[in-house]
Structures are given as structure tokens and as C-alpha cells.
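Chemist: The numbering used here puts the first residue of the sequence shown at 344, with every later residue one more than the last.
There's no promise every hint is true.
Listed below are the simulated DSS-like cross-link pairs for lysine-lysine, each with C-alpha atoms no more than 25 Å apart in a straight line [what the hints assert, rightly or not]: (1) Lys456 <-> Lys468; (2) Lys476 <-> Lys489; (3) Lys530 <-> Lys509; (4) Lys524 <-> Lys509; (5) Lys484 <-> Lys473.
Think of the hints as simulated: they come from the structure by calculation, not from any bench.
A quick note: this is a predicted structure, and the numbers were derived from the prediction, not measured.
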Amino acid sequence: MINKNNECLRSPQKIANAFSEYYESQTRIVNLKQAKETHLYNIKSPCKKSEAPRDFKVSSTESEGHYKKCVLCYTVKKNFYCAECVRNGNFVHSSMPYSDRFAEKQAKLMRLKINRQHVLDRCEKLLAPKIKKDILLTEIKLSRDKLDLLRLAIEQRRSIIDTKRKELADTTSYNNELRLKLPRYQKRVTSLGRHAENQRIELQNKMSTYNDQAQALAALRRSRIRQFTKYIFPVYLSYDSSDSIEDLEFVGEDAEEEPPRRPQLHIVAPWIDADGDCSHIQAWVAQNKEAALSGEPGRNPAQCAGAALLLAAQLSALLAWTLDLRTPHAISLRCTL
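Produce the entire structure from the sequences given, and follow the hints as far as they go.
Modeler: So this is what it looks like as C-alpha cells:
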């Protein structure tokens, strides 16, 4: 990188500006000294007759007491320069301590511009080789930095390529080892495939056997349930209040006559009301408390209903055992009134 001194040398405009500022400051100091000397001379001696007055008052009676704005400094006042003095530049600023006239200042400005341009041209001419050298050095340094970055990138790429080549070599060697070992285990693979096929066929046979046995077991269970409900615990409906066998109708058969108001569900001999209404049993027990304890089962509705429920519990336990089901609660086989 270029230091600050090289930057100053590379910018001739800045150097010329510095020269011009220094020259202007020196000129300003000289002008101040001249203004002080002229001011002191004007105080000691009167103005020469050949010189034009710096300003004069408008003595017209019409303009007395009126102020006008100056076209140069835009100041409202009574004192003005004449048109010829303004045209020739023979006037000074009223509020500044400088004694130079406008024409002199304009000439100095032109000289300063010419000198400044001359200094700029000279500086550019003198500093052109140095600037060119600095530009070349900077370009060389940038090119070296780019080359260093390219070398670093190339090294990284080479390291990555070497790593990938090592991985490829390891994978190739591993595949070659597997390819050499494959004929060794070909017989074993064939035997394992044959064994898997045999196991699949055996599994299919076992599944078909299981399905056949499940169907046979379901048929056997249905047969046992029919035997329970037909021979051991016969269940049927009765539409008559009498207990005669002739008026009974088995479950599943169509009734030829219209059923009575209160059908009775029989299990073996005891029965309960099919509609679940036990109000008449409770009424009978309330009226015949003594008969409920020592009466005959056929004539005691409470004992008849208890016996029917006990037989229904026994039938439920047998059905659960036959179907291999687990009841949510234990079935009680005791009848308590």
C-alpha cells in the first residue's frame, strides 16, 4: 500500500492548492501592511487633486434624506461612486480595511490564476514519473496478492483432490476384497435362499392349518352352545301365566297366536318377566313376608326369579369358558334374596 507521502505526491492538485493558499496568505499580509500605511498617510496628508474621490454625498435637494441600495454591495446608503469610477474599477469596499481598488484586485486575481495554473502544470510535469512509478508499484502489489490467493486456492484444491483419491482407493480395495470373497459364500447364499423359501412355504401351510383349525373350533363352540341351550339350560318364552308345558314356546320359533301382555322368559323351569318389570314381585314380597321365607318355589315369585338368575349366571360362566373369554367381573353362583 502507498503511504501518505506518496498520496501527496500522487495528487498535484493538492500540491498546487497548497502553493496557491500559501501565496494568497502572503499576498494578504502584504496588502494589510499597505492598507495600514495608506490609512496613516491619508490621516497625515490630504488627498491629492489628481485622484478621484472615493465616495461623495448626493447633494441634490430632491434626494436629500433618501437612501438607495448600492448595486455592488447591496448596502442602503447615501454615498455613491460615480459611473465612470465604477466602470473603470476605481472604487474600494466601504466596510473592508483593504485599500486596494477593484481593478487592482481583479488584476491580482488574474495573476494568481495564471501562477496557480503554471504551478499545477509544473507539478504535474515533475511528478508524472513518480505518479507513474507509484501506479505501477500498486498494480504489481495487487497482482502479487492475487497470485498468492490463487496459489492458496490451488493448494486447497489439491489437498481436497488427494483426500478424494485416497477415499476412492480405499473403496476400490474394499470392493475388490468383497468380490474375492463372494464365490466363497455363494453356496451358503444359495442354501440360505433355499431355506428362506422352505420357511415361506411352511409358514403358508401353518397359516392354512391355523385357519382350518380356527373354523373347526368355531363350529365346535357353536355346537356346544346349542347343546347347552337345548339340553342343559333350555331357554324359551312363555305367553301364558300357567306353568303347563303345552303352552310353552321355544326361543327362535314364530308365535302363531298373539302374545299376552306380560311374556315370561324361562331357563329350565324358573322364569322371570321378559320386560324386566319386577314391581309385582316386590308387591308380593311386601304382602307375604312370611310366605316368602317358607313358601314353595313354584308359588313364590321371588324364589323363582332368583333361581332363574342363578341358572343364567351358570350359563354365562359356561359360555365364557367355552368361548375362552375373560369376564370383566367374577360371576357369583350364589342366590341371595
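Chemist: Indicate, hint by hint, whether the structure satisfies it.
Modeler: Cross-check of the supplied hints:
Between the alpha carbons of Lys456 and Lys468 the distance comes to roughly 18 Å, so the proposed pair stays at or under 25 Å and holds. Straight-line distance between C-alpha atoms of Lys476 and Lys489 comes to about 20 Å, which keeps the hinted pair within the 25 Å bound. Restraint check: the Cα-Cα separation between Lys530 and Lys509 comes to about 34 Å, which exceeds 25 Å; the hinted pair is violated. This hinted pair checks out: Lys524 and Lys509 have alpha carbons roughly 23 Å apart, not beyond 25 Å.
A threshold of 25 Å between alpha carbons decides the hint, and for Lys484 with Lys473 the separation of about 16 Å falls inside it, so the pair holds.
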